[in-house]
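For the record, the sequence lines run as chains S and G.
Counting in this note's numbering, the first sequence runs from 1 upward without gaps.
Counting in this note's numbering, the second sequence runs from 1 upward without gaps.
For the record, the hints were derived by calculation from the structure and aren't laboratory data.
Heads up, some of the hints might be wrong.
A few chain G positions that, by computed beta-carbon distances, are all more than 10 Å from chain S [to be verified]:
#  : residue
1  : 62
2  : 64
3  : 78
4  : 81
5  : 159
6  : 171
7  : 187
8  : 190
9  : 217
10 : 232
Here are the computed distance ranges between Cβ atoms for each label pair [what the hints assert, rightly or not]:
#  : chain 1 : residue 1 : chain 2 : residue 2 : range
11 : G       : 161       : S       : 19        : 21 to 29 Å
12 : G       : 159       : S       : 11        : 14 to 22 Å
13 : G       : 77        : S       : 134       : 35 to 43 Å
14 : G       : 85        : S       : 7         : 15 to 23 Å
15 : S       : 193       : G       : 228       : 42 to 50 Å
16 : G       : 175       : S       : 101       : 23 to 31 Å
17 : G       : 64        : S       : 240       : 22 to 30 Å
18 : S       : 88        : G       : 162       : 38 to 46 Å
19 : G       : 49        : S       : 23        : 53 to 61 Å
Where is the CB? At the ideal position from N, CA and C, for every residue including glycine.
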Amino acid sequence: MNVRALIPPAVLFLAPALTAIGIFFFLPVGAALVLSFTDFDIYALASFDNTRFVGFRNYGQLFQDPLFWIALRNTVYFLVVGGPLSIAVSLGAALLVHSRLARWKPLFRFVYFAPVVTTLVAVAIVWRFIYHPRFGLLNYVLSLAGIEPIDWLGDPSWAMPAIILLAVWKNFGYNMIIFIAGLQNIPDSLYEAASIDGAGGWQQFWRITVPMLAPTTLFITIITMIGYFQLFAEPYVMTQGGPMKSTLSIVLLMYEQGFRWWNMGYAAALAFVLFAFILAGSLLQSRLQRRVGE
Amino acid sequence: MKRRLATTVLHAVLLVIGVATLTPLAWMVSASFMQSGEASTFPPPFLPSSPTLEQYTSLFTRLNLARYLVNSVVVSVAVTLISLVINSMAGFAFAKYRFRGRRGLFNTLIASMVIPAQVTMLPLFLLLNKMGVINTYLGVIIPGMASIFGIFLIRQFAMSIPDSLLEAARMEGAGDFRVYRSVILPLCKPILLTLAIFTFMGTWNDFLWPLIVMTDDSMYTLPVALANMSGEHVQDTELMMAGAVLTVLPVLVLFAALQRYYLSGIMAGSVKE
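Take the sequences, apply the hints, and build the full model.
In structure tokens, the structure reads:
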């Protein structure tokens, strides 16, 4: 008797994926929640017997940890300044490339998109040298305009802006592609009608383009927010969270706590706080989206 | 007249952004051909005075780069191939079979995409440690075997395949697996390519997970090796640029070759129900 005949085919086709996702995604998510209520540390790594449940102690400790608040503040800074900035650049680039007057569109689209596919670690290293206070390309270009050299990655007030600039450069092409598709979906007849009514380019942009792009913009805002909350490789490679913790991010703090000091219970609590922020942000934005859709 | 002016300004702006976008990458390539120490002069040279392959040779002779390259290729190819099979099977099932709980199961998967991967990483490390696959290729491959995004992409695409084609194959005596193998897979080729590029590039460029799971130098993937080297060779600008070129080049070439499939994947991913 053939075993395969007994099992519905849908189950056979789903089994490998659901098993893998169940064991290596859902199980760890649940385990992380449990972990966040324990004092799991380097001793527990040797034997799980060295672990105790500590209730909400990790969370309580977290909210009293100055490093957590610094990391949260830095991450929010990155998100609130870097997010809108990269979305604005994406929209600008999309409008330019989409323009009826523009030629060589595929070429520009390709060039603008190239940084997106590059390896973040590699380009972060490149930018570290571009930001070099004495020999870096950026300070050289600025010096041509008479601007004094800036110690981009060594000055606590410039390090985060430097990371934001890298992130905008690296990411704007991605959202640009989505914006271009959104622009292509706006019927030409709307613009033609507006022209006949005597609306100028600026008015057309605010009255037609912006409202018609609203669903696209909200989608982009959500994915950008989720991505930017997870800031990690840039500070890891460029600044190690410094100078003076000015680029320490939540994920970097989680990595250090979890995998450098092996405070896994504490790090799991951090991971869940990160999740809570991302979830809250997504819910808020999708609620807005529904409102706009109506 | 006004139109000509607008066109000129538009292209000037397009060009300026293009140059600004390419400059870091161009400088990376240029500096990788410089002699050691050449980039650390003022004003910064944009082109090597006498181009040399010195940096590339020392990466391969002194710094074991071939090993990291092999590691990156092995895990990226393995994850891509395995996940294509597993995701396409699941995507097909969600698209073409009716079973109890299909909708609920699919919606649960989609909803859980909001959970950031970092949440899973601590227990996943402990689990893989128990399984004894920390610091092996499997440590990177296993968590990448199936992806919800991949299942979603395939399912959306497979839903557009007419049922009549599947029926026709069944009339000729094809079993379920045969239908998947000979009807679904060939018709899904464009979306499979899209998913393949996404998965390959995602694995190739990934940093945090390989950094956690590859604890021994000999198992580093290129990004991890590069980050590690950049700590030790802070002064060796030219050497690091050569390493960056070798890391970035494969994905850039792949993207240039298969641009259409990659971009259509972004679009498919951005149209949620």
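Hints, one by one, checked against the model:
Once the 10 Å rule is applied to beta carbons, residue 62(G) is consistent with being away from chain S; the minimum gap is 18 Å. The non-interface label for residue 64(G) is consistent with chain S: the shortest C-beta to C-beta separation is roughly 17 Å, beyond 10 Å. Residue 78(G), annotated as away from the interface, keeps every beta carbon of chain S farther than 10 Å; the closest lies near 14 Å. The claim that residue 81(G) is not at the interface with chain S holds, since no C-beta of that chain comes within 10 Å of its own (minimum 13 Å).
In this structure residue 159(G) is separated from chain S by more than 10 Å, as the shortest Cβ-Cβ distance comes to about 15 Å. Consistency note on residue 171(G): stated as away from chain S, and its beta-carbon is indeed over 10 Å from all of that chain's, at 17 Å minimum. Listed as outside the interface, residue 187(G) is consistent with that label: its C-beta sits roughly 16 Å from the nearest C-beta of chain S, beyond the 10 Å cut-off. Once the 10 Å rule is applied to beta carbons, residue 190(G) is consistent with being away from chain S; the minimum gap is 17 Å.
The Cβ of residue 217(G) lies farther than 10 Å from every Cβ of chain S, with a closest approach of about 16 Å, so its non-interface assignment holds. With a least beta-carbon separation of about 12 Å from chain S, residue 232(G) lies farther than 10 Å from that chain, consistent with its non-interface assignment. In this structure, residue 161(G) and residue 19(S) meet the distance hint of 21 to 29 Å, their C-beta atoms being roughly 26 Å apart. Between residue 159(G) and residue 11(S) the C-beta distance comes to about 20 Å, which sits within the given range of 14 to 22 Å.
Checked against the given bound of 35 to 43 Å, the beta carbons of residue 77(G) and residue 134(S), roughly 42 Å apart, stay inside it. Range check, residue 85(G) to residue 7(S): about 18 Å between beta-carbon atoms, so the 15 to 23 Å window is met. Between residue 193(S) and residue 228(G) the Cβ separation comes to about 60 Å, which falls outside the hinted range of 42 to 50 Å. Separation of residue 175(G) from residue 101(S) is about 57 Å and departs from the stated range, judged on CB atoms against 23 to 31 Å.
A beta carbon spacing of about 24 Å between residue 64(G) and residue 240(S) agrees with the range 22 to 30 Å that was offered as a hint. Separation of residue 88(S) from residue 162(G) is about 43 Å and conforms to the stated range, judged on CB atoms against 38 to 46 Å. Here the CB-CB span from residue 49(G) to residue 23(S) is close to 56 Å, well matched to the stated 53 to 61 Å.
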